[in-house]
Amino acid sequence: MCVFSAVSLHSIRYCKGEDRVIQPTGDVITNEGETVSLDCTFETTDPSPTLFWYKQGENDYPKMLLQPQERIDATIKNKSFPLKIQKLQLSDSAVYYCALRPTVTGNTKTLESHTDKGPHYQVGGAILLHCVQPFSQ
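Quick note, the sequence shown lines up with residues 1 to 137 if you use UniProt numbering.
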């Protein structure tokens with residue numbers, strides 16, 4: 001089972017005019033093999049904005065998620081840039097950052113392992129992805 005859990009981080013922002021990224025924080029609980037979507041909305045004066053998603057594994061630095069990827073997709077639609085991860089794997093465990101060029105980021109998303117709760121989402125937190133592989137004998 002995988003859990004997106006809240007992390008007490010403040011929004012990291014570099015504001016240029018009216019540019020900003022809004023990344024909801026909170027808990028999202030799901031199972032390995034399922035699909036999750038991490039929300040990211042933005043405001044900018046740029047008519048052709050460039051957005052990115054970064055993934056930061058434990059004890060690692062943020063790495064840009066490059067398109068296209070087989071299980072991961074992010075497409076700008078209106079003022080939204082959600083990250084969709086399909087067929088969740090243990091290797092998806094990380095902190096995810098949405099960023100607007102040049103350096104505007106919202107709250108982080110964290111997914112971590114959890115075994116005793118059902119699906120749940122709490123607005124207003126960061127998400128870290130940790131998946132746990134079931135033990136088999």
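Quick caveat, the hints were computed from the structure, so don't treat them as lab data. Each residue gets a CB set at the ideal place from its N, CA and C atoms; glycine is no exception. Each hint should be verified, as a subset may be incorrect.
Unchecked claim - Here are the simulated DSS-like pairs of lysine-lysine, each with C-alpha atoms no more than 30 Å apart in a straight line:
(1) K63 <-> K84
(2) K87 <-> K63
(3) K77 <-> K63
(4) K63 <-> K79
(5) K77 <-> K87
To be verified - Simulated restraints on C-beta separations:
(6) R101 <-> E34: 16 to 24 Å
(7) Q56 <-> K87: 29 to 37 Å
(8) E32 <-> R101: 18 to 26 Å
Verification of the hints:
1. A threshold of 30 Å between alpha carbons decides the hint, and for K63 with K84 the separation of about 17 Å falls inside it, so the pair holds.
2. Distance restraint check for K87 and K63: the Cα-Cα separation of roughly 20 Å lies within the 30 Å cut-off, and the hinted pair is therefore satisfied.
3. Of the supplied pair hints, the one linking K77 and K63 holds, its CA atoms being roughly 23 Å apart against a limit of 30 Å.
4. Between K63 and K79 the CA atoms are separated by roughly 23 Å; this keeps the pair inside 30 Å, and the hint holds.
5. Distance hint between K77 and K87 is fulfilled; the C-alpha atoms sit about 23 Å from each other, no more than 30 Å.
6. For R101 and E34, the hinted distance range of 16 to 24 Å is not satisfied, since their beta carbons lie about 31 Å from each other.
7. Here the CB-CB span from Q56 to K87 is close to 21 Å, at odds with the stated 29 to 37 Å.
8. Checked against the given bound of 18 to 26 Å, the beta carbons of E32 and R101, roughly 33 Å apart, lie outside it.
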